[in-house]
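Note that the protein sequences, when read in sequence, are chains A and B. Using the working numbering, the first residue of the first sequence is number 1, and each one after it goes up by one. Using the working numbering, the first residue of the second sequence is number 1, and each one after it goes up by one.
What the hints contain is simulated information worked out from the structure, not anything from laboratory work. In this text the structure is predicted, and so the values were computed from the model without any measurement. A few of these clues could be false.
Said to hold, decoys possible - Label pairs and their computed distance ranges (CB to CB):
1. E63/A / P114/B: 23 to 33 angstroms
2. L117/A / K69/B: 31 to 41 angstroms
3. G16/A / P30/B: 43 to 53 angstroms
4. T52/B / K14/A: 25 to 35 angstroms
5. S80/B / L74/A: 41 to 51 angstroms
6. S70/B / E22/A: 40 to 50 angstroms
7. R10/A / H82/B: 40 to 50 angstroms
8. S84/B / F39/A: 35 to 45 angstroms
What the hints assert, rightly or not - Here are the simulated lysine-lysine pairs, DSS-like style, with alpha carbons at most 30 angstroms apart:
9. K55/A / K14/A
10. K55/A / K58/B
11. K20/A / K68/B
12. K68/B / K66/A
13. K20/A / K58/B
14. K68/B / K55/A
15. K66/A / K55/A
16. K14/A / K64/A
Virtual Cβ for every residue (Gly too), placed ideally from N, Cα, C.
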Amino acid sequence: GAVVSQHPSRVICKSGTSVKIECRSLDFQATTMFWYRQFPKKSLMLMATSNEGSKATYEQGVEKDKFLINHASLTLSTLTVTSAHPEDSSFYICSAPSTSGIKNIQYFGAGTRLSVL
Amino acid sequence: AQSVTQLGSHVSVSEGALVLLRCNYSSSVPPYLFWYVQYPNQGLQLLLKYTTGATLVKGINGFEAEFKKSETSFHLTKPSAHMSDAAEYFCAVSETGGYNKLIFGAGTRLAVHP
Numbered sequence: 001g002a003v004v005s006q007h008p009s010r011v012i013c014k015s016g017t018s019v020k021i022e023c024r025s026l027d028f029q030a031t032t033m034f035w036y037r038q039f040p041k042k043s044l045m046l047m048a049t050s051n052e053g054s055k056a057t058y059e060q061g062v063e064k065d066k067f068l069i070n071h072a073s074l075t076l077s078t079l080t081v082t083s084a085h086p087e088d089s090s091f092y093i094c095s096a097p098s099t100s101g102i103k104n105i106q107y108f109g110a111g112t113r114l115s116v117l
Numbered sequence: 001a002q003s004v005t006q007l008g009s010h011v012s013v014s015e016g017a018l019v020l021l022r023c024n025y026s027s028s029v030p031p032y033l034f035w036y037v038q039y040p041n042q043g044l045q046l047l048l049k050y051t052t053g054a055t056l057v058k059g060i061n062g063f064e065a066e067f068k069k070s071e072t073s074f075h076l077t078k079p080s081a082h083m084s085d086a087a088e089y090f091c092a093v094s095e096t097g098g099y100n101k102l103i104f105g106a107g108t109r110l111a112v113h114p
């Protein structure tokens, strides 16, 4: 099946620094990718839809200047948490929808656990 | 707007017992429905999905779910629980067609004890 790779799997940073998370579709092209945030013991909250070659679409309440999304190619989307603070600590997961074979399927990355000290 | 309600944040069963995880949805259009499983510190793995056609869908690891439009439900079942089934399970809904975003339920943590 299709594979979505997310890197890094875990990152610890100091407050005030910026952190970049990469999401790659390894064996298929993804014009659209999704970024989710998951709080401890909570469900996934959609943050934004990443669109290749155009601006991301953010969900209500998500700060676009805080969470910068760049979808520079058909296989790569990046989420940058700018000036991270402890409240940004969370599990971030990306997904990409299938473009062939079994349709209407989203493939998820393994997630990135961000800890801001 | 679409929404998903998963009844029971925690479910505990004995190994070999029936697993039943409940999911009800709300959608103004015919929905696509999904069940995903998440193991600790990992992403989500698709168990099964309903789009159109047969309302009883079978997935991986012996799981199945039945779409009941009249009850707006998509409950997940497995006849006999295995220790390896212990995980977090998420029900999700999306609009029909395209590659639309998923709306997730709050999740149900399944514990399986000997």
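Structure-based check of each hint:
no.: 1; hint: E63/A / P114/B: 23 to 33 angstroms; in the structure: 47 angstroms, violated
no.: 2; hint: L117/A / K69/B: 31 to 41 angstroms; in the structure: 49 angstroms, violated
no.: 3; hint: G16/A / P30/B: 43 to 53 angstroms; in the structure: 47 angstroms, holds
no.: 4; hint: T52/B / K14/A: 25 to 35 angstroms; in the structure: 50 angstroms, violated
no.: 5; hint: S80/B / L74/A: 41 to 51 angstroms; in the structure: 43 angstroms, holds
no.: 6; hint: S70/B / E22/A: 40 to 50 angstroms; in the structure: 44 angstroms, holds
no.: 7; hint: R10/A / H82/B: 40 to 50 angstroms; in the structure: 29 angstroms, violated
no.: 8; hint: S84/B / F39/A: 35 to 45 angstroms; in the structure: 26 angstroms, violated
no.: 9; hint: K55/A / K14/A; in the structure: 28 angstroms, holds
no.: 10; hint: K55/A / K58/B; in the structure: 38 angstroms, violated
no.: 11; hint: K20/A / K68/B; in the structure: 42 angstroms, violated
no.: 12; hint: K68/B / K66/A; in the structure: 41 angstroms, violated
no.: 13; hint: K20/A / K58/B; in the structure: 38 angstroms, violated
no.: 14; hint: K68/B / K55/A; in the structure: 38 angstroms, violated
no.: 15; hint: K66/A / K55/A; in the structure: 15 angstroms, holds
no.: 16; hint: K14/A / K64/A; in the structure: 21 angstroms, holds
In this structure, the earlier hints numbered 1, 2, 4, 7, 8, 10, 11, 12, 13 and 14 are contradicted, and the remaining ones agree with it.
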